[in-house]
Amino acid sequence: MNANRFTNRSELIGILVLAAFLVVILPLCLDVFRLNLVAKYLTYAFVALGLVICWGYGGILSLGQGVFFGLGGYCMAMFLKLEASSVENTKIQSTPGIPDFMDWNQITALPFFWKPFHSLTFTIAAVILVPGIFALIIGAAMFKRRVGGTYFAIITQAVAAILTILIVGQQGYTGGINGMTDLRTLKGWDIRPDHAKIVLYFFEVGCLFICIFIAQFIRHSKLGRILVAMRDQEDRVRFSGYSVANFKIFAFCVAAILSAIGGAMFALQVGFMSPSFVGIVPSIEMVIYTAVGGRLSILGAVYGTLLVNFAKTSLSESFPELWLFGLGGLFIAVVLAFPNGLAGIWQDHVQPRIDRLISSRKPKAESAWTDNSVADGAPAE
Amino acid sequence: MSDEPNKGLQSPLRRKLLMGAAALPFVSILPRPSFGAGPATATVNTTGLAVTDTEVTVGILHSATGTMAISETGSIQAEKLAIEQINAAGGVLGRKIKFIQEDGASDWPTFAEKAKKLLVNDKVAAIMGCWTSASRKAVLPVVEQYNGMLYYPTFYEGLEQSKNVIYTGQEATQQILAGLNWIAKEKGAKSFFFIGSDYIWPRTSNKIARKHVENVLKGKVVGEEYYALGSTQFNSVINKIKLTKPDVIFTDVVGGSNVAFYKQLKAAGVDLSKQALLTISVTEDEIDGIGGENIAGAYACMKYFQSLDNANNKAFVAAFKKMWGEKTVIGDVTQAAYLGPWLWKLTVEKAGSFDVDKIAAASPGIEFKGAPEAYVRIHENHHLWSKTRVGKAKLDGQFELIFETSDLVEPDPFPKGYQ
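Note that the protein sequences, when read in sequence, are chains U and W.
Going by this note's numbering, the first residue of the first sequence is number 1, and it counts up by one from there.
Going by this note's numbering, the first residue of the second sequence is number 1, and it counts up by one from there.
This is chain U alone, in the form it adopts within the complex (with noise of 0.2 Å):
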């Protein structure tokens, strides 16, 4: 153990590759609306991050990963929305100065869980904290008496229903379906026009790989090899001395703060929260994005979002009317073909053949390799 502690030589590289990717080349490459596209896919990176975490290694498959997506990118954009709801901006309602869809639903005073949200220091610990503790308390309920795998995942999917019934129907705490929208300001800086989406972009990528070093450590420390122990023989760990549920609660948190963190970075980016990302359609497109990337593959996570909403969109600007097809196909043909995904592509026909390139030259550089891909492996079953 000494500086490989986080990443080994070959992931370096990999983290590199992706920063010149998402510093240097897409922002000379694409225009501003592009690279906001960009920023808005990647907020969904750091859910498909927190899922390698969460299934890659821990074994458990949440479907309902968009509640916390959702409950971060609210308390966010409850922060703004108060903000754009200043008296003089909202002079035309019958009770000025509370957001424009409490007025419509007659309410006339700022309900007191709202007023905690004036502040943004408070705001940001509530990104971090509500959905950390929620899924506390669900991980807590469930691990603990040994609810897993399938059962776990239907139970995550009737969460996510449950947040969306509640988002609804409270229309006047949460603005319903049509969501909380027009949002303006961060303490006084306009987030709309391109420079502030700059800004914000580079913000994001910066925060993006602070969660990918997160992850990085989790997965080389101990716990992340108990994590995958876990995975593949939990009986054993168990056997052993360690709380398995436990660590799956740990791992389950951690997936939930990632998304979280991805909300808010929503709603800053796009200036739009709505019960559209809580649900079980969306949250299952995040799972998607993971298997797309490779479940194992803490990069690939990252890739593979960025691939499929890259398809997503293009398809959908192509074929307004047939897109949904093409990427249903898109779907199937990864999932039957590469069941690990982008990654797996990578490391079962790219990497074999760039370690043959080089080990030709310098022989001695292959130890690191091979290391590398034992601790990547499938799950041995």
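Quick caveat, the hints were computed from the structure, so don't treat them as lab data.
Small disclaimer: the values here were computed from a predicted structure and weren't measured.
Some hints could be false.
Unchecked claim - Derived coverage of chain U by chain W (criterion: at least 3 residues anywhere in the stretch with Cβ under 8 Å from a Cβ of chain W; other residues may be distant): (1) 100 to 108; (2) 167 to 180; (3) 262 to 273; (4) 313 to 320.
What the hints assert, rightly or not - Computed Cβ-Cβ distance ranges for the label pairs, DEER-style: (5) Asp288(W) / Ile154(U): 32 to 38 Å; (6) Lys218(W) / Arg192(U): 45 to 51 Å; (7) Ile154(U) / Gly289(W): 30 to 36 Å; (8) Gln398(W) / Leu120(U): 53 to 59 Å.
Stated by the list, open to error - Beyond 12 Å from chain W on every Cβ pair, some chain U residues (computed): (9) Ile13; (10) Ala20; (11) Leu28; (12) Glu88; (13) Lys115; (14) Arg146; (15) Gln157; (16) Pro193; (17) Leu307; (18) Ile345.
Cβ atoms here follow ideal geometry from the backbone N, Cα and C, with glycine treated the same way.
Chain U is fixed; fit chain W onto it per the hints.
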């Protein structure tokens, strides 16, 4: 009961439109209308829109996929028809209209993304689009920020007005008040039961209806119930209706819920030929799903019915069916969507420019005499002056026109005394 006051104004353009429609089959044989004879591009487009010497690009932004596709397809079809007819009649300022269609996918943020793409990437001169209030609310900040022009076709809750939007459907007071007045007078109705889907449009509409019933008609609202979007269980509310025996059931249930609601109402023995029911959410499109036999006898309050008996409408219905098939039905919103491209064309020609600021400024006062619903005019508040009509649903899925306001009703998106 008539469009007498407008008849004189109506005829020249109506004739032109009819001729245009009649000429459609020949267009392909004749040399293409010579686009490019209009004023210089530099003078009509000072803001970098997608306008060339021969073409101008507009966007169509509706849901072609997802749950809303069934409702929005009619709007897409109507807009394409209008664009084709305008092109056949020589285009706009000598330019052919080209359209770029984007799919909002029944997903509000996608609408916002696509609206931004149309404005920023494609530089479209106008967007015909949106259907639900939620999609409009998502798109509104985008069109305001990038200074686009949106033509929005759906009847909606009001409480909104924007320089960058022309609302070609009716706002809530236009749709509701005249209908309530009529049913109160015709049926001597005093007690009303409200049933709606649970979101902003039914809530706002019912709020306005309640104030009108209580303050103006001096009647009583004996019940007000909301059901989640997509809900299919209406038995409990139907029992309440049977207990309270209201003179009128007033409904704004939307989408697929309608099918369940009217079927259950019929199954529970509520006979719509005896029990008056006034809906503001069922058009010919919805009856297609509900089935005429389940809703026959109900009254709907709209501004347009496919069965309207005037020359504009006959030409419109014929052209629509020719382009999209004999079986298509045309509802209120489809007609309002058809108005969008025409109003835009007339405004551009009045302004002599495609620039959004000039179009926004030139819009008030624009008259469209060829509208299938008959003469309409744009108000200073960017909504339309239009008539309110009540129709009675028939077995064949069409409405029979029972009543229409004698004058155009003024749009009032921020109604005093109703908020």
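Hints versus structure:
Check on the segment 100 to 108 of chain U: 4 of its residues sit with their Cβ under 8 Å from a Cβ of chain W, so the three-residue criterion for coverage holds. Counting residues of the segment 167 to 180 of chain U whose C-beta sits closer than 8 Å to any C-beta of chain W gives 7, which meets the bar of three, so the coverage hint holds. Under a criterion of three residues with beta carbons nearer than 8 Å to beta carbons of chain W, the stated coverage of the segment 262 to 273 of chain U is upheld, 3 such residues being counted. With a threshold of 8 Å between beta carbons, the proposed coverage of the segment 313 to 320 of chain U by chain W holds, since 4 of its residues qualify and at least three are required.
Checked against the hint of 32 to 38 Å, the C-beta distance between Asp288(W) and Ile154(U) comes to roughly 36 Å, which is consistent with it. Checked against the given bound of 45 to 51 Å, the beta carbons of Lys218(W) and Arg192(U), roughly 48 Å apart, stay inside it. Evaluation of the 30 to 36 Å hint for Ile154(U) and Gly289(W) yields a pass: the beta carbon distance comes to about 31 Å. Between Gln398(W) and Leu120(U) the beta carbon distance is about 57 Å. The supplied range of 53 to 59 Å therefore holds.
Against chain W, the non-interface label of Ile13(U) holds: every CB pair exceeds 12 Å, the least being about 34 Å. No beta-carbon of chain W comes within 12 Å of the beta-carbon of Ala20(U); the shortest separation is about 26 Å. At roughly 18 Å from the closest C-beta of chain W, the C-beta of Leu28(U) stays outside 12 Å, upholding its exclusion from the interface. No Cβ of chain W approaches the Cβ of Glu88(U) within 12 Å, the least distance being about 17 Å, so the stated non-interface status holds.
For Lys115(U), the non-interface assignment is confirmed: its Cβ lies about 24 Å from the closest Cβ of chain W, beyond the 12 Å cut-off. The claim that Arg146(U) lies off the interface holds: its Cβ sits roughly 34 Å from the closest Cβ of chain W, which is beyond the 12 Å cut-off. Even its closest Cβ contact with chain W, about 17 Å, leaves Gln157(U) beyond 12 Å, as expected for a residue assigned away from the interface. Distance check on Pro193(U): its Cβ comes as close as 8 Å (rounded) to a Cβ of chain W, failing to clear the 12 Å threshold; non-interface status is violated.
For Leu307(U), the requirement that its beta carbon stay farther than 12 Å from each beta carbon of chain W is met, with the minimum near 17 Å. At roughly 29 Å, the least C-beta separation between Ile345(U) and chain W is larger than 12 Å, which holds for a residue marked as non-interface.
In the structure shown, a violation is registered for the earlier hint numbered 16 alone.
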